[in-house]
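Please model the complete structure; the sequences and the hints are all you need to start from.
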Amino acid sequence: MEPLNRIILFIDKIIAVIGKTGAWAIIPLMLIMVFEVVTRRMLNHPTVWTFETSTQLYGFHFMILAAYTLQVGRHISVDIIVERFSKRTRAILDIVLYLVFFFPFIIVLLVESTAFAQESWKILETSFSVFAPPIYPIKTVIPITALLLLLQGICLFYRKILFVVRGVEI
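Numbering-wise (this note's numbering), the sequence shown opens with residue 281 and increments by one.
Incorrect hints may have been included.
[What the hints assert, rightly or not] With a straight-line cut-off of 27 Å between C-alpha atoms, the simulated BS3-like cross-links for lysine-lysine are:
id: 1; residue 1: 402; residue 2: 419
id: 2; residue 1: 293; residue 2: 367
id: 3; residue 1: 300; residue 2: 419
id: 4; residue 1: 293; residue 2: 419
These aren't lab readings, by the way, just hints derived from the structure by calculation.
Laid out in structure tokens, this is it:
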């Protein structure tokens, strides 16, 4: 197997592990939400920390699974016209769309979110609520997500090029 293919498969494995591990964030999120519903509705004693914590956990869950979702092909797409094309034509179209839309967007997201997270860490940013948890850790997940999406996009892009040029799938 070519060294580049091994790197692609290694990146795929890392993203799959991160995605499958990050999916477990739904459990504490669910428990916090159940706790909030019980305390708010049954005990008439809502808490501030549950809103802040659930918001950050949901953000983490949503973002950390983005690259894995791309890997397994579960992002939203409109395939009404594209599904009629041959597999090779779809691969060529994907290559063009990755170059025109995906990579420019992800690179801008990575650059801007890195600056955003760095600024948040510099001032040790906290929420404006009474609970005031730190929000710089969750803001750090944004550039991590962008980096993982970029890596997964490179993997998919490489696979499409390999298929178009050699007719090989890895």
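Which numbered hints fail: none
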